[in-house]
Amino acid sequence: MKVFIQQFNKELWSPYIAGVVLGLVGVLAVWLSSSLLGASGAFENVVGMIGKALAPQAFNIMYFNFIMPPGITWGVVLIIGTIIGGGLGALSSKSWKLRLNTDDPQWIAIFGPQIWKRWLIAFFGAIILEYGAGIAGGCTSGLAISGGMLLAPAAFLFIAAMFASGIITAMLVYRRRY
Amino acid sequence: MNYVIALVLGAFFGLSLNKAGLTRYSKIVNVFRFTDLAVLKFMMTAMLVSMAGLYTLRGLGWIKFPNVPATYIMGNLIGGLIFGIGMALVGY
Chain V
1 MKVFIQQFNK ELWSPYIAGV VLGLVGVLAV WLSSSLLGAS GAFENVVGMI
51 GKALAPQAFN IMYFNFIMPP GITWGVVLII GTIIGGGLGA LSSKSWKLRL
101 NTDDPQWIAI FGPQIWKRWL IAFFGAIILE YGAGIAGGCT SGLAISGGML
151 LAPAAFLFIA AMFASGIITA MLVYRRRY
Chain Y
179 MNYVIALVLG AFFGLSLNKA GLTRYSKIVN VFRFTDLAVL KFMMTAMLVS
229 MAGLYTLRGL GWIKFPNVPA TYIMGNLIGG LIFGIGMALV GY
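Taken in order, these protein sequences are the chains called V and Y.
All residue numbers for the first sequence refer to the working numbering, where the first residue is 1 and numbers rise by one.
All residue numbers for the second sequence refer to the working numbering, where the first residue is 179 and numbers rise by one.
Looking at chain Y on its own, in the form it has when it is part of the complex (with noise of 0.2 Å):
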């Protein structure tokens, strides 16, 4: 049961890459050149939306939030610089 809402959630999460145009080289580094900010207004878009629902959800108590990403500061960032050169390189 759990799998198959694995496949429903990712579906709609491709979909909603696929229409956002991040699947394009182009989009995704023009983001860092500044010329087309459609990632980050994707990105923040969906922040704002889940973290409303999730703070909203968990204070009605009905949902308990999972493990939340551990901060290690040099790992994050390190990880980050590293992750920023592919990134850009790529598109993806």
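Chain V on its own, in the form it takes in the complex (with noise of 0.2 Å):
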């Protein structure tokens, strides 16, 4: 027992073990209630809440109405209990720290220590991200891992993709230092 907790409240764990504990919960997230493990599509369901209390005109188009239905769904509650879970990951390493993401050693060496680099990078490059996800219908986690374990073609489509472009975009990133 005393082993047990001394490995789980290691920093880092094997990749191994970690890919083995989301693999069970994709399998218990579709037994218990069918549902898919996912991340970006809840930002969209909130954001649909928002955008059709604020302007209901604007939002009320396809994409809104029924591909991403506004709401509280089961993955926007999914995804506050990722935070907490992340939460109690980092206690338990006692690695929990307001983080700027300036002490990041690999970061500062390619673009700097200022903090509002990161930021504006973090803030155009997640909305790539999310836009992408939102083009192909999920991102790593709800396309890729949940769309894998089914065998959806689209899942390994988009790992494909997803893998060319981030290669070309970290060499021209890193240049002569990829």
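Honestly, the hints are just simulated from the structure, not real lab data.
A quick note: this is a predicted structure, and the numbers were derived from the prediction, not measured.
Glycine included, C-beta positions come from ideal geometry on N, C-alpha and C.
There may be inaccurate statements among the hints.
Stated by the list, open to error - Between beta-carbon pairs, the in silico distance windows are: (1) V:Pro153 x Y:Leu218: 14 to 24 Å; (2) Y:Val182 x V:Leu172: 39 to 49 Å; (3) Y:Leu235 x V:Gln114: 44 to 54 Å.
What the hints assert, rightly or not - Reference listing, derived: stretches of chain Y covered by chain V, where coverage requires no fewer than 3 residues with Cβ under 8 Å from a Cβ of chain V: (4) 186–193; (5) 196–204; (6) 215–226; (7) 236–247; (8) 256–266.
Claimed, not checked - Below, a list of computed lysine to any residue pairs in the SDA-like style, where the Cα atoms sit at most 25 Å apart: (9) V:Lys94 x Y:Val246; (10) V:Lys94 x Y:Tyr203; (11) Y:Lys219 x V:Ile72; (12) V:Lys117 x Y:Arg202; (13) Y:Lys242 x V:Leu24; (14) V:Lys117 x V:Pro70; (15) Y:Lys219 x V:Gln106; (16) V:Lys94 x V:Asn60; (17) Y:Lys219 x V:Trp107; (18) V:Lys2 x Y:Gly199; (19) V:Lys97 x Y:Phe190.
Both chains are sitting in their own frames, so use the hints and assemble them into the complex.
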């Protein structure tokens, strides 16, 4: 038991162990509430809800009416749980800390230590990311992992495309240091 | 009840992400530089475990699959290409 707790409290587990945990969560999600894990969809549900309240005309489109219905869905609650679980994980390894994301040595080496740069790139990068997820029909968790475990062809197309452009982007950002 | 399940499963989802180190910029970017393959190991293990579990349970007739994500080749590919740019830039 003591060994187990010691192992649990480590900051990083072997990715295989963490992967097994996520795999079991994926099975339970289908079994208990016949839903798929996903992250990006939840944001669209919430945005749809806010948009319908503020500008019902503009949000009365196919996408928000049928593809991503607004409201507090299963996925939104899942994301709230994710935040809690991530926090608990960080607390258990005593790595809980308010970060402005300037203490990742690799980021600093490439982009410099300015905080505003991190926030600016994070903001516009997240827009690109969410937009891509909206077109493809899911993100890494919602389409690649959840789709992949049902052997959906969409998931494997998405993974291939994601890695193709990810590698090229990393090459452009890192240049000689790639 | 469904929401309680979602909250608990979400907590384990977040825990596994945190413990695999996927909450860090360097882990995500390094998979695109092939210097740290933790993301792939994590993703593929998760897929393998749930594939085996789900298909076994369906074989036993205990579960029905929910809606499988739709395949529309151009959309999946273009979406994935745009997504990859964001992912490699931000590291989420």
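Hints versus structure:
{"no.": "1", "hint": "V:Pro153 x Y:Leu218: 14 to 24 Å", "verdict": "holds, 20 Å"}
{"no.": "2", "hint": "Y:Val182 x V:Leu172: 39 to 49 Å", "verdict": "holds, 45 Å"}
{"no.": "3", "hint": "Y:Leu235 x V:Gln114: 44 to 54 Å", "verdict": "holds, 50 Å"}
{"no.": "4", "hint": "186–193", "verdict": "holds (count 8)"}
{"no.": "5", "hint": "196–204", "verdict": "holds (count 8)"}
{"no.": "6", "hint": "215–226", "verdict": "holds (count 10)"}
{"no.": "7", "hint": "236–247", "verdict": "holds (count 7)"}
{"no.": "8", "hint": "256–266", "verdict": "holds (count 11)"}
{"no.": "9", "hint": "V:Lys94 x Y:Val246", "verdict": "violated, 39 Å"}
{"no.": "10", "hint": "V:Lys94 x Y:Tyr203", "verdict": "holds, 19 Å"}
{"no.": "11", "hint": "Y:Lys219 x V:Ile72", "verdict": "violated, 32 Å"}
{"no.": "12", "hint": "V:Lys117 x Y:Arg202", "verdict": "holds, 17 Å"}
{"no.": "13", "hint": "Y:Lys242 x V:Leu24", "verdict": "holds, 17 Å"}
{"no.": "14", "hint": "V:Lys117 x V:Pro70", "verdict": "violated, 32 Å"}
{"no.": "15", "hint": "Y:Lys219 x V:Gln106", "verdict": "holds, 21 Å"}
{"no.": "16", "hint": "V:Lys94 x V:Asn60", "verdict": "violated, 46 Å"}
{"no.": "17", "hint": "Y:Lys219 x V:Trp107", "verdict": "holds, 23 Å"}
{"no.": "18", "hint": "V:Lys2 x Y:Gly199", "verdict": "holds, 23 Å"}
{"no.": "19", "hint": "V:Lys97 x Y:Phe190", "verdict": "holds, 20 Å"}
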